[in-house]
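Undergrad: Each chain, letter by letter, is given below.
There are 2 protein chains.
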Amino acid sequence: MLELVDPCQKVKKQEYKNVFPTLEQKLAACQRAARAAGIPVIIVFEGWHAAGKGMVINSLAQVLDPRGFRVHLTLPRNEEEKRHPWMWRFWNRIPGAGEIAIFDHSWYQRVLDDFAEGRISKKEFRQAIADILEFERQLADAGTLIVKFWLHIDPRVQKKRLKALASSPATRWKVSPEQWKQNKKYKKWFNLANQVLEATSTFQNPWQIVEAHQARFTRLKVFRTLISKIEQEAQRRSKQLAEPPSPMPEPREDELLRPTILDRVDLTQSLERGQYEKELRGLQKALYELEHRCHLAQVPVVIVFEGWDAAGKGGVIKRLTRGLDPRGYEVVPIGPPTAEEKAHHYLWRFWRRLPKTGHITIFDRSWYGRVLVERVEGFCREEEWQRAFREINEFEKQLADFGTVVIKFWLHIDPDEQLRRFQARQSDPNKQWKITEEDWRNRSKWRQYEVAVTQMLERTSTTYAPWTVVEANCKLFARIKALRTVKERLEAAVS
Amino acid sequence: MLELVDPCQKVKKQEYKNVFPTLEQKLAACQRAARAAGIPVIIVFEGWHAAGKGMVINSLAQVLDPRGFRVHLTLPRNEEEKRHPWMWRFWNRIPGAGEIAIFDHSWYQRVLDDFAEGRISKKEFRQAIADILEFERQLADAGTLIVKFWLHIDPRVQKKRLKALASSPATRWKVSPEQWKQNKKYKKWFNLANQVLEATSTFQNPWQIVEAHQARFTRLKVFRTLISKIEQEAQRRSKQLAEPPSPMPEPREDELLRPTILDRVDLTQSLERGQYEKELRGLQKALYELEHRCHLAQVPVVIVFEGWDAAGKGGVIKRLTRGLDPRGYEVVPIGPPTAEEKAHHYLWRFWRRLPKTGHITIFDRSWYGRVLVERVEGFCREEEWQRAFREINEFEKQLADFGTVVIKFWLHIDPDEQLRRFQARQSDPNKQWKITEEDWRNRSKWRQYEVAVTQMLERTSTTYAPWTVVEANCKLFARIKALRTVKERLEAAVS
Chain A
1 MLELVDPCQK VKKQEYKNVF PTLEQKLAAC QRAARAAGIP VIIVFEGWHA AGKGMVINSL
61 AQVLDPRGFR VHLTLPRNEE EKRHPWMWRF WNRIPGAGEI AIFDHSWYQR VLDDFAEGRI
121 SKKEFRQAIA DILEFERQLA DAGTLIVKFW LHIDPRVQKK RLKALASSPA TRWKVSPEQW
181 KQNKKYKKWF NLANQVLEAT STFQNPWQIV EAHQARFTRL KVFRTLISKI EQEAQRRSKQ
241 LAEPPSPMPE PREDELLRPT ILDRVDLTQS LERGQYEKEL RGLQKALYEL EHRCHLAQVP
301 VVIVFEGWDA AGKGGVIKRL TRGLDPRGYE VVPIGPPTAE EKAHHYLWRF WRRLPKTGHI
361 TIFDRSWYGR VLVERVEGFC REEEWQRAFR EINEFEKQLA DFGTVVIKFW LHIDPDEQLR
421 RFQARQSDPN KQWKITEEDW RNRSKWRQYE VAVTQMLERT STTYAPWTVV EANCKLFARI
481 KALRTVKERL EAAVS
Chain B
1 MLELVDPCQK VKKQEYKNVF PTLEQKLAAC QRAARAAGIP VIIVFEGWHA AGKGMVINSL
61 AQVLDPRGFR VHLTLPRNEE EKRHPWMWRF WNRIPGAGEI AIFDHSWYQR VLDDFAEGRI
121 SKKEFRQAIA DILEFERQLA DAGTLIVKFW LHIDPRVQKK RLKALASSPA TRWKVSPEQW
181 KQNKKYKKWF NLANQVLEAT STFQNPWQIV EAHQARFTRL KVFRTLISKI EQEAQRRSKQ
241 LAEPPSPMPE PREDELLRPT ILDRVDLTQS LERGQYEKEL RGLQKALYEL EHRCHLAQVP
301 VVIVFEGWDA AGKGGVIKRL TRGLDPRGYE VVPIGPPTAE EKAHHYLWRF WRRLPKTGHI
361 TIFDRSWYGR VLVERVEGFC REEEWQRAFR EINEFEKQLA DFGTVVIKFW LHIDPDEQLR
421 RFQARQSDPN KQWKITEEDW RNRSKWRQYE VAVTQMLERT STTYAPWTVV EANCKLFARI
481 KALRTVKERL EAAVS
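Protein chains in written order, with the UniProt record's numbering: chain A, 1 to 495; chain B, 1 to 495.
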């Protein structure tokens, strides 16, 4: 991509003076348009050292409404960031609807600087490229506009600029040994950059190469590109038929190929109290030790509980956590998203709550809401929940690649058992608070949920994050099976 | 407080067996009651090493609904935490309405361990005690229930327990040299603990001393105390006349002693364009350098902009940020609080957005909303905004003590000028988006705001965080005055 680029492009002073003020006004108007249309915008600046990233970002900052953008300088990862999957810090920084996030260096640092300096292996490099493609695709699919600039200069100009910076006491601190090294190994870096740009320039999220020998030209090209990209996106949105999503209709009888996974679950399995008490004690003791071993081994653990209303999620979580040291785990209940969460990609709120190494996070409901309640109730469009199967697999794969143990439970009961439990709750004054109108409404959509759950299990059970379906008509049996599964998975992780 | 405590208290096994299950049920019910009443609960565990903090916290975790509490283990501060005022990490962890936060060690670490080990000076110790008292009072005033336990054992039992722990390979890692040191210097530690407990045991937030030689007794006392505290608080709330706050009435003519601070502002001050351009360039250049010097000196900077609608806050912020490197500052626009923010203490969202050392945060409106819009519109009760004057001063004092430069601007215009600007905005299609119904509504309450602003300026202008009133009828004059003020304050901070 870089071979044929001539970085010497210039624009005359007078022409620049005639044109630039109009571009500034247009870009400010674009920011307002993006805000009005609720478009999240990501602007990435990468390129050679001393290519002028800081200069361009300054120009943008002078034009944009400071209340609507943030500049994120990407430094080497800090302690906290190292204890999470490497993409975690960028997910934490994605813009919400109508916001602009400008990245001075970005996730490309890993495949450029870190790889060039030998801080990651060839295998990690390939993995990182895949992670980047997933990240950008997931955001763009959900409506984020990503504009990526590569500021290009040749080695001669780079050397001249580094020398100039190093010769003044006011700017000397800006020049690091790594920058000189890049200049000396320009050819090697050129090949690496070329390879990275080619691998990550997609139809959806292409790179914009900017010839950066002249500041005027650089600014003009960056401003023009941003204006045209934002205008296009705003126009595309205004044309989009904003067809509201609709709830899932009652499925046809032949919608599922029977017997389904759920049909085959043996709900007669049960356990008597004496046996239960004995096994529970043993499991809780084992889990306490395993939690400690996971902490020593710095293994992060994610446990997801999904299941029918009244299937006993709360009860299982309680028995599970009773076996654990409370300083090592956190239970995250997932309800309807807040306004801030709605303004971001739906996976954002889960990325933010991931455990650091050596810790356990238990999700009481989870990202699977996308393909369950959101699908059934029509809170998202069909293409959105369809896409979610893949996105969720990719998300969990990134966790697993980092070494996270991902354990997922579907607690299964049949409709008769659910009815019995609903009625029991209603007649017990200590449990009435547990049952609401919504539970009855969900129950009336049992058949829709059956389809959604079946497809979820089929499409998101993977080798790295398999589902465990728990026969939960007998609560005691369910608890023991779930705890035993956690025990086995943790044992496998630390042995 | 500890002199007369006999840590040997015991309870017989049979009595414990008869009583404890009921306490467990009661505590679980208390958690539900606290959730229903929206009470945030903080439980602090401090005490001697090996006194059984972990054991009690485990017992609590086994009873409480895991979706409603979090355990926070207080470790030595990490990089990020060291770059903020020391209370920052605890403000970040305060519970929201109906949530329970359990602290295994807490803010007392600073006045106990850090002071005992000589990591802070006597002066810092005294300051920290004051900070703690403010923190707990502010939270309790706003309805947080704080229960603080000191688990007490004598040196003989401590030694026995440490030996037992050290003798088993499974628990040896729990015993650190610091723990042995505490045992050896038990007397010195005793005096320090005594002093800290006395200084921080207030009527509102008293310490609960727990005799901790026997686990059964410890558990019983902790459970009973929590149950009674939560029940009391829930009852107090139910009795509280939930009188809704009301908007501020139109003030009487003699409500303010004229001439007020605002009356005395000379709004005829102005600047002509040529002079403005020249001064602006000079100031922006100086600010760019000062930002860099503040970064090198690791000085954090907070700049607050308040002012009448259309007084020109946005314009000043734009000129200010144009002079800065966007990687070093952040602009935080403050709007109505989100649901999550409403569930927390009103200062929480500002604590969370404080700059780290070497960075600048510009607040476009701020915590002063409490004594301005919330007071005038009746979004909080009178005792709440009355209390806020002191709370805000304490907040800013903590920032200043950490070395933060706090700069606050009130942009002042007169009603005629505001009307001219509103009308100009409405007739300019590029500016119509800037004016809303709310602006007109606020304008109709000019006299109420005049009282609120005057009292705010009088009561919250301090030596460590003074207000600068900016004469803003002439926009050019206002911008130069604000930028010059920032320049002078930063110069003073780094010279």
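You may find that some hints are simply not true.
If several chains are the same, the list does not tell them apart, and a pair holds so long as it fits within one copy or across any two.
[What the hints assert, rightly or not] The calculated lysine to aspartate or glutamate pairs, modelled on EDC-like cross-linking and capped at a C-alpha distance of 20 Å, are:
hint : residue 1 : residue 2
1    : K475      : E272
2    : K174      : D325
3    : K221      : D428
4    : K187      : D113
5    : K356      : E80
6    : K159      : D401
7    : K445      : D266
8    : K188      : E396
9    : K12       : E211
10   : K431      : E24
11   : K187      : D439
12   : K356      : E81
13   : K17       : E277
14   : K356      : E79
15   : K278      : D114
16   : K318      : D65
17   : K356      : D104
18   : K159      : E383
19   : K53       : E289
20   : K53       : D325
21   : K187      : E255
22   : K434      : D65
23   : K229      : E272
24   : K181      : E243
25   : K475      : D65
26   : K188      : D6
These are calculated hints, taken from the structure and not from any lab test. None of these values were measured; they are calculated from a predicted model.
Undergrad: Please go over all the hints and tell whether each is borne out by the structure.
TA: Hint by hint, here is what the structure shows:
Taking identical chains as interchangeable, the C-alpha atoms of K475 and E272 lie at most 20 Å apart only when both belong to the same chain, with a minimum of 10 Å there against 80 Å between chains. In this homomeric assembly, K174 and D325 come within 20 Å of each other (Cα to Cα) only across copies, at 13 Å, whereas the closest approach inside a single copy is 47 Å. With identical chains, the CA atoms of K221 and D428 are never at most 20 Å apart, being 70 Å at best within one copy and 30 Å at best between copies. In this assembly of identical chains, K187 and D113 lie within 20 Å of each other by CA distance solely inside one copy; the values are 14 Å within and 55 Å between copies.
For the identical chains of this complex, K356 and E80 are neighbours both inside a copy (8 Å) and across copies (16 Å), given an alpha-carbon limit of 20 Å. For the identical chains of this complex, K159 and D401 are neighbours neither inside a copy (39 Å) nor across copies (45 Å), given an alpha-carbon limit of 20 Å. In this homomeric assembly, K445 and D266 never come within 20 Å of each other (Cα to Cα): the closest approach is 22 Å inside a single copy and 69 Å across copies. In this assembly of identical chains, the alpha carbons of K188 and E396 never lie at most 20 Å apart, being 34 Å within a copy and 52 Å across copies at closest.
Taking the shortest Cα distances, K12 and E211 sit within 20 Å of each other inside one copy (15 Å), while across copies they are farther apart (83 Å). Proximity of K431 to E24 under the C-alpha cut-off of 20 Å is restricted to the inter-copy arrangement: shortest distance 16 Å between copies versus 62 Å within a copy. Proximity of K187 to D439 under the C-alpha cut-off of 20 Å is found in neither arrangement, the shortest distances being 64 Å within a copy and 59 Å between copies. Within a single copy, K356 and E81 get their C-alpha atoms as close as 9 Å, and across copies as close as 17 Å, so both meet the 20 Å cut-off.
Taking the shortest alpha-carbon separations for K17 and E277, only the inter-copy value of 18 Å comes in at or below 20 Å, while the best intra-copy value is 82 Å. Within a single copy, K356 and E79 get their C-alpha atoms as close as 10 Å, and across copies as close as 16 Å, so both meet the 20 Å cut-off. When the C-alpha separation of K278 and D114 is checked against a cutoff of 20 Å, the pair qualifies neither within a copy, at 52 Å, nor between copies, at 45 Å. In the homo-oligomer, the alpha carbons of K318 and D65 lie at most 20 Å apart only across protomers (7 Å), although the nearest pairing inside one protomer, at 49 Å, exceeds that limit.
Taking CA atoms no more than 20 Å apart as the test, K356 paired with D104 passes between copies only; the shortest distance there is 19 Å, against 26 Å inside one copy. In the homo-oligomer, the alpha carbons of K159 and E383 never lie at most 20 Å apart, since the shortest distance is 50 Å inside one protomer and 65 Å across protomers. With identical chains, the CA atoms of K53 and E289 are at most 20 Å apart between copies only, with a shortest distance of 19 Å across copies and 51 Å within one. For a Cα distance limit of 20 Å, the shortest separation of K53 from D325 across copies, 12 Å, qualifies, whereas the shortest one inside one copy, 48 Å, does not.
Within a single copy, K187 and E255 get their C-alpha atoms no closer than 58 Å, and across copies no closer than 76 Å, so neither meets the 20 Å cut-off. With identical chains, the CA atoms of K434 and D65 are at most 20 Å apart between copies only, with a shortest distance of 12 Å across copies and 47 Å within one. Taking the closest pair of Cα atoms, K229 and E272 never come within 20 Å of each other, the shortest separation being 65 Å inside a single copy and 39 Å across copies. Taking the shortest alpha-carbon separations for K181 and E243, neither the intra-copy value of 54 Å nor the inter-copy value of 69 Å comes in at or below 20 Å.
In this assembly of identical chains, K475 and D65 lie within 20 Å of each other by CA distance solely across copies; the values are 18 Å between and 57 Å within a copy. Taking the shortest Cα distances, K188 and D6 sit within 20 Å of each other inside one copy (19 Å), while across copies they are farther apart (74 Å).
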